[in-house]
Amino acid sequence: MSQVTVKIATSTNEFAAIEEIRKTVFQEEQGVDAVFDFDGLDETCDRLIASLNGEFIGTVRIRVLNPEMAKIERLAVLKQGRGYGIGKKLMAEALEIAKSKGILEVVIHAQEYIKPLHQQLGFEEYGDVFVSSGIRHVKMRKVIKNEE
1 MSQVTVKIAT
11 STNEFAAIEE
21 IRKTVFQEEQ
31 GVDAVFDFDG
41 LDETCDRLIA
51 SLNGEFIGTV
61 RIRVLNPEMA
71 KIERLAVLKQ
81 GRGYGIGKKL
91 MAEALEIAKS
101 KGILEVVIHA
111 QEYIKPLHQQ
121 LGFEEYGDVF
131 VSSGIRHVKM
141 RKVIKNEE
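The sequence shown begins at 1 in full-length UniProt numbering and counts up by one.
Think of the hints as simulated: they come from the structure by calculation, not from any bench. Among the hints, a few may not be true.
Claimed, not checked - Computed cross-link-like contacts, EDC-like style, restricted to lysine to aspartate or glutamate with a CA-CA straight-line distance of at most 20 Å:
#1 71 / 28
#2 145 / 68
#3 115 / 105
#4 145 / 128
#5 142 / 93
#6 89 / 73
#7 71 / 29
#8 89 / 55
#9 23 / 43
#10 139 / 105
#11 101 / 128
#12 88 / 124
#13 139 / 28
#14 139 / 112
#15 71 / 112
#16 101 / 125
#17 101 / 43
#18 142 / 125
#19 145 / 112
#20 88 / 46
#21 99 / 46
#22 23 / 46
#23 101 / 112
#24 115 / 128
#25 79 / 28
#26 71 / 43
#27 99 / 128
#28 139 / 125
#29 88 / 39
#30 89 / 105
#31 7 / 73
#32 99 / 68
#33 23 / 55
Between the sequences and the hints, there should be enough to build the whole structure, so can you do that?
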C-alpha cells in the first residue's frame, strides 16, 4: 500500500527537493523557462512537499495576495508519483492552510488539462483560456467557507 504524506516544507533538504521537482516537471517536461518558475517569491510563500513511501514526489506553494485572498501555484508531481492522488492531496492541504490563515478566496491559474482535478475541489472557472509559457491555462477560484 502506498503512503502519501503532505507537509509544509521547513528544511534545506525539503526546499532543495521542491526545486528539483519543479525543474523536472516545469523545465524539463514542459519546457518552461526557469525565470518564469523561479520568480523570487518562494521565500514569501508556504511551500508544501509531498512524499510517496518516503520519497519526495510533489509540491505546491501558497502565496498570500492580501489578508483575504491567496493564490495556490506551482503544483508539480513527478511522473512516478502520478495516479496516486498526490496533486489532489497537495491542493486539499493548501486549501486547509489558506483557510487556517483566514483566507476567504483562493485563485489559481491551472493548466487547462488539469482543470477537472480543481473542479473536484470546488474551484470554478472564470475568464478566458490564456497561454503562459506556451501552455494553455484557465483562471479558477474558490470561495472558502469558514464553517464554525
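Unmet hints by their number, sorted upward, for this structure:
Going through the list in order, the structure violates hints 1, 4, 7, 11, 13, 16, 19, 23, 27, 29 and respects the others.
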